[in-house]
Every structure is written in C-alpha cells, then in structure tokens.
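Going down the list, the sequences are from chains A and B.
Using the working numbering, you'd call the opening residue of the first sequence number 1 and step up by one each time.
Using the working numbering, you'd call the opening residue of the second sequence number 1 and step up by one each time.
These are computed hints drawn from the structure, not numbers from a lab.
Among these hints, one or two may not hold up.
As the list claims (entries may be wrong) - Here are the simulated lysine-lysine pairs, BS3-like style, with alpha carbons at most 30 angstroms apart:
no., chain 1, residue 1, chain 2, residue 2
1, A, LYS45, A, LYS17
2, B, LYS239, B, LYS258
3, B, LYS158, A, LYS16
4, A, LYS316, B, LYS48
5, B, LYS239, A, LYS278
6, B, LYS104, B, LYS50
7, A, LYS181, B, LYS181
8, B, LYS198, A, LYS181
9, A, LYS16, B, LYS239
10, B, LYS50, B, LYS24
11, A, LYS252, B, LYS81
12, B, LYS258, A, LYS17
13, A, LYS17, B, LYS198
14, B, LYS258, A, LYS278
15, B, LYS48, B, LYS81
16, B, LYS258, A, LYS252
17, A, LYS252, A, LYS181
18, B, LYS198, A, LYS252
19, A, LYS285, B, LYS239
20, B, LYS199, B, LYS50
21, B, LYS181, A, LYS252
22, A, LYS316, B, LYS258
23, A, LYS278, B, LYS24
24, A, LYS16, A, LYS252
25, A, LYS181, B, LYS158
26, B, LYS199, B, LYS48
27, A, LYS181, B, LYS104
28, A, LYS16, B, LYS258
29, B, LYS24, A, LYS252
30, B, LYS48, A, LYS181
31, A, LYS16, A, LYS45
32, B, LYS24, B, LYS197
33, B, LYS258, A, LYS285
34, B, LYS104, B, LYS198
Fair warning: this is a prediction, and the values are worked out from it, not measured in the lab.
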Amino acid sequence: MAEVLVLVDHVDGEIKKNTYEMLTAARRLGEPSAVVVGTPGTAAKLAEGLAAHGAEKVYVAESEDAVNYLSTPQVDALATLVERVSPPAVLIPAGADGREVAGRLAVRTNSGWLNDIVDISGDREATHSIFGGAFTVQARATSDTAVVSWRAGSIEIEEQAGAGTQETVELPAIDESTSAKVSNRAPIVGGDRPELTEANVVVAGGRGVGSAENFNVVETLADSLHAAVGASRAAVDSGYYPNQFQVGQTGKTVSPQLYIALGISGAIQHRAGMQTSKTIVAVNKDPEAPIFEIADFGVVGDLFSISPQLTEEVAKRSS
Amino acid sequence: MNIVVLIKQVPDTWSERTLSDADKTLDRASSDAVLDEINERAVEEALKIKEAGDATITVLTVGPDRATDAIRKALSMGADKAVHVNDDAIHGSDAVTTARILAKAIGTVEDVQLVLAGNEATDGRSGAMAGMLGELLGWPSLTHANELSVDGGTASIKRETDEGTCDVTASLPAVVSVAEKINEPRYPSFKGIMAAKKKPVNALGIGDLGLDAGEVGLAGSLTQVDSFAPRPPKSGGQKVSDEGDGGQKIAEFLVGQKLI
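If we strip away everything but chain A, and leave its shape as in the complex, we get:
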C-alpha cells in the first residue's frame, strides 16, 4: 500500500491533537507515515503516541538547526520523502506555519495544494470549507502527490495500533542565502485552557462584555466547561482581550461542539469564524442581533446575570 506522509504537529515534546486527526484521515488513502522534524531526541518522546494512532513508519528528521530556520527544515524533510516514496498525499497542519510549509512544498515538488481541508475520501476527493463555512467545495489535485493542509477539529480521531518503525532522514545543510534564521522563539502560552482551534467548547465575548476586567465573566464560564476563551474583533480592537484569541474573518476559524457567544452581535466577519460550530448558544441584550439567526439557543438578556447563573448550573451538574 502507498505511504501517506503526515507532518507531526508537536510542541515541547507533546503531540497536538490535529496530528491524530491527520493519521486517521491518512489511513483512508494508504499507510500512514509520520514525519517528525525537530531537535535531536524529539521523535523518541513522540513515537509511542504516533504508533498508537496508526503510524506504520516514523521518519525522524532531527537536527539542531530544525528550530533555527523558518519552515525550511520541514520543507526539506518532506521534499526529500516525497521524492523517495511518491506518496498520494502529504498531510500538513493548516496553521500559519503549516500552510507556509505546504505552499513551499507544493511549489518545490510541483504538486497541487489543497488548503484548509476538513475531509478527504479514499480516492483523494477533498472537502474545503470556504468563506467561513458559507460554502463547501469538493476538489482534488491532478498531480501524483496532493499537498493537503488539514484544519484542526474536522474529524473524529480513531486509535489504531501501527508498527511505528523509526527511520532516519538526513536533512540537507541549510543554505543561508535562501533561508530565514530564527531567534528568540517564544511560544504563546495559553495557560491551562485548551487551545482555541482544538477545544471542544469555546466561550467567546464581544463588545457587550464592556471591559478587560469584565472578561473574567467569560473566563469563569469557560473554565466551568473546560472551554477555550475567544473574543470578537470588536472586543480585541477595544483592548478587552489579546489578539491571539480573536475568532472571525481576520482571526481564527473554530468549529467546536459547542460555541457560546456572550455579548457578540454576530457580524458577518465574526460568523465567518464560528458558524460551522455544531451547536451555538448566544446571549445578547439586542433581540435583533444577527447572532440569533444562527444560534440554536438564544437568550435575550444581560450576560452579567445570565452567565454567572449558567456557570453555577454547570458547576452543580458536574459536582
């Protein structure tokens, strides 16, 4: 069976959930091979998790330079393997870094690039969700290899044991004149809350929250539900909440099981980032707020009384 490459998304020696989704999807297309690019010793920490999710092979591309250059080490490793095993598809996380790797890899290997994919069938028919979920599009690559950017949270993860045989991949020496050197890396620390794009539940606040201090109402509800916290552009622009938590056209696209919108009017630009959520609950003072058009359950009222009451109800039920 053909090998299907999956670029492993990892941080601080831990595998991100999206990797398991990609391994699950890769099994439909062939035999999943996980590709680990990192500093020496990284693959050893990840091998067990990868094998438990169906990786038959684990390609180990380790070097001290792996973290010192922007996207080049990942592109080099994947391009080497594309040439070696001619995979029907390469699955890469659809985050900012991953898309850069994917675009460069598609150019270098002369492959078609399918971006922001939420599903793929065994015959390489991929599903995009575009314009913030307003349309779904079926597309395919006409090249031998399809480069696929995979959006986190799109399919259910299925565990399956794989052999996880490790194989070393030599990274070529970095060409300084064509590479961008990285220093002072500082990963964003999200604290104890789940990451926005990977969370099952998101609680988001908008302009109606009114101030940065008031956002603790949003955070308290989020914590009772083990949820990630999001914010609308209006809330971010007003300085209520940091930029990296912005949901919408110019922020992140989320697709959780449950999305709770507090004091968010639901402008088209915000809806573009969350309307594919499975269940949407909205609280807003304005009965005409457009968020109610897409909410499965809406309450017209004051978020400062409703949200704490809901937090209390959730606590009651989980104790």
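With the hints as your guide, set chain B onto chain A.
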C-alpha cells in the same frame, strides 16, 4: 533600493460572497471589490522605507480590468509605479499557479531587493504567498512581520503568529509578508490622488512574462474543483427572553443536547 509590493483586489468581506456556477471559481463580479486592507499595510511599510532612505516602489497586481482601482489607491498613497498583469487566460489560476505568475512578473522589475506582501488575503486565505514566492525566486521569506527593519543587506522582522513570536533575519533579496499589527496605513492625500493619475502603469499579458495559456488558469493549475454547494442555512433555533432564569434555561438546553 527597488521594492515590489504585491496588492490584490478582493471581494469586500462585508458583502455577500459566492462562487460562479459556470466554472466554480470565485464570482468576482457579484460582490463589491476593495483593495485588501492588509495590502495597504504592505504599501505603508514600503513608503516608510522610502521616507527613511531611498527607494522606488512598484506595486504589482494580477487581476482583471477593475483591479486598476486597487492600483490607483496604492499609487495615491505614494507608490511610484505599477505593473498590472491582466490576461483572460489567468482566470481560475490556483494559489501555486498565481505564485508562478507573480514570480515571473517580479522578474520584469529591475534589480528588486525586497518584495512586500500581506500575510493573508481575505478571499483565498492561502496565507503562504510569500513562502511560495521565496521558494520560486530562491530568496528567503520572512513572514507575518509585526515590525520590519532593513539595514544594509539584511532584513529583520519580529514575527507573530498563533503559535508564538520570534525574531527572523535573512539576507536580501528577500520576500516579507506583513501582519495586521505592523502599522496604520495612511490615507491618500488630495495631492497624492492627483499625482497618481500621472504615474506609469505597465500592463502585461502572460505572453510578456514568457508563459503560455496552458501554464496558467484552470488548465495550468494542479488542483481542480469538482463541485460546490452553499452550506444549508442553519434552521432558526429557539430564542427566549431572560426572565431571571436565562442561565438555567441554557443549562437545560445543554443537558437536552447532552453537552453537559
């Protein structure tokens, strides 16, 4: 120093966007078109470099006739000249093919040291144009810049993405993509608007770039769209007014949905 700034006209995200039934491409005629906001920041950054030293700024766009509006806006902000690649054959080009066209077009501008672009357009959202161009030109790409400085033969940025922040440096020539926080773009002055009318716009077809029709557009792309469908409209859910028990009502709903 010669700087090329990539600009793009996109459907206004505040208007309804749709796809064309005929060939499954973005229906650019059906919605209002604007210069993508992130491109204005790229133009602004080029203008700052010009003001600090000396630079000639060429704006480059690939698009139909009405992309002229985006070009005029950039020229009225202060860019010096423009290259407009306009050819019916381009219609339907995917992201990789568009990158190939842009790379060829950058080659028509003499001695380019710096290419500036937005980090992500609001329509295609590939978010990788700078990386792809770097790959094609054999130049380093410095992406998602919140700050940019160009000193001698080196470009340095402060990079910020969802994953974190870092400093990035590379030698020129290089491609830099700018992020939303890099600057506040200026408004064109009346004088700028008048001056823009006299600035040269070099219109090129794909033949001028050494490409032929089979290499671009739907035919030249390595991806194909088989079908598309609008998402079924979400059925209007339940809406209640808070009678002092709004939180409890939500909790009951969530229990009913087995979400808590």
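Each hint tested on the structure:
Proposed proximity of A/LYS45 and A/LYS17 is supported: the alpha carbons are some 15 angstroms apart, at most 30 angstroms. The hinted pair formed by B/LYS239 and B/LYS258 meets the criterion: a straight-line CA distance of about 19 angstroms does not exceed 30 angstroms. Of the pairs offered as hints, the one joining B/LYS158 and A/LYS16 holds, with about 25 angstroms between alpha carbons and a cut-off of 30 angstroms not exceeded. A threshold of 30 angstroms between alpha carbons decides the hint, and for A/LYS316 with B/LYS48 the separation of about 57 angstroms lies outside it, so the pair is violated.
With a CA separation close to 17 angstroms, the supplied pair B/LYS239 and A/LYS278 stays within the 30 angstroms bound. As the CA atoms of B/LYS104 and B/LYS50 are separated by approximately 24 angstroms, the hinted pair is consistent with the 30 angstroms bound. Pair hint A/LYS181 plus B/LYS181 holds up; C-alpha atoms about 22 angstroms apart against a cutoff of 30 angstroms. Restraint check: the Cα-Cα separation between B/LYS198 and A/LYS181 comes to about 41 angstroms, which exceeds 30 angstroms; the hinted pair is violated.
Using a Cα cut-off of 30 angstroms, the hinted pair A/LYS16 and B/LYS239 is violated, with the two alpha carbons roughly 37 angstroms apart. Our distance criterion of 30 angstroms between C-alpha atoms is broken by B/LYS50 and B/LYS24, whose separation comes to about 41 angstroms. Between the alpha carbons of A/LYS252 and B/LYS81 the distance comes to roughly 35 angstroms, so the proposed pair goes past 30 angstroms and is violated. Between B/LYS258 and A/LYS17, the direct Cα distance comes to roughly 23 angstroms. Compliance with the 30 angstroms bound is thereby established for this hinted pair.
Of the supplied pair hints, the one linking A/LYS17 and B/LYS198 is violated, its CA atoms being roughly 55 angstroms apart against a limit of 30 angstroms. Between B/LYS258 and A/LYS278 the CA atoms are separated by roughly 13 angstroms; this keeps the pair inside 30 angstroms, and the hint holds. In summary, the hint linking B/LYS48 to B/LYS81 is supported, as the alpha carbons are separated by about 16 angstroms, within the 30 angstroms threshold. Under the criterion of a C-alpha separation no larger than 30 angstroms, the hint pairing B/LYS258 with A/LYS252 is consistent with the structure, at around 26 angstroms.
As the CA atoms of A/LYS252 and A/LYS181 are separated by approximately 26 angstroms, the hinted pair is consistent with the 30 angstroms bound. As the CA atoms of B/LYS198 and A/LYS252 are separated by approximately 41 angstroms, the hinted pair breaks the 30 angstroms bound. Taking the CA atoms of A/LYS285 and B/LYS239, the gap is about 12 angstroms. The hint holds against a cut of 30 angstroms. The hinted pair formed by B/LYS199 and B/LYS50 meets the criterion: a straight-line CA distance of about 17 angstroms does not exceed 30 angstroms.
Our distance criterion of 30 angstroms between C-alpha atoms is met by B/LYS181 and A/LYS252, whose separation comes to about 16 angstroms. Between A/LYS316 and B/LYS258 the alpha-carbon distance is near 15 angstroms, which keeps this suggested pair within the 30 angstroms criterion. For the proposed pair A/LYS278 and B/LYS24, the alpha carbon gap of about 27 angstroms is at most 30 angstroms, so the pair holds. Annotation: proposed proximity of A/LYS16 to A/LYS252 holds, straight-line Cα distance about 17 angstroms (limit 30 angstroms).
The hinted pair formed by A/LYS181 and B/LYS158 meets the criterion: a straight-line CA distance of about 12 angstroms does not exceed 30 angstroms. Between B/LYS199 and B/LYS48 the CA atoms are separated by roughly 19 angstroms; this keeps the pair inside 30 angstroms, and the hint holds. Restraint check for A/LYS181 and B/LYS104: satisfied, since their Cα atoms lie roughly 26 angstroms apart, inside the 30 angstroms limit. Distance restraint check for A/LYS16 and B/LYS258: the Cα-Cα separation of roughly 26 angstroms lies within the 30 angstroms cut-off, and the hinted pair is therefore satisfied.
Distance hint between B/LYS24 and A/LYS252 is fulfilled; the C-alpha atoms sit about 26 angstroms from each other, no more than 30 angstroms. This hinted pair checks out: B/LYS48 and A/LYS181 have alpha carbons roughly 24 angstroms apart, not beyond 30 angstroms. Among the hinted pairs, A/LYS16 with A/LYS45 is consistent with the structure: their alpha-carbon atoms are about 13 angstroms apart, no more than 30 angstroms. Straight-line distance between C-alpha atoms of B/LYS24 and B/LYS197 comes to about 36 angstroms, which puts the hinted pair past the 30 angstroms bound.
Simply put, B/LYS258 and A/LYS285 have alpha-carbon atoms about 26 angstroms apart, close enough for the 30 angstroms limit, and the pair holds. Pair hint B/LYS104 plus B/LYS198 holds up; C-alpha atoms about 26 angstroms apart against a cutoff of 30 angstroms.
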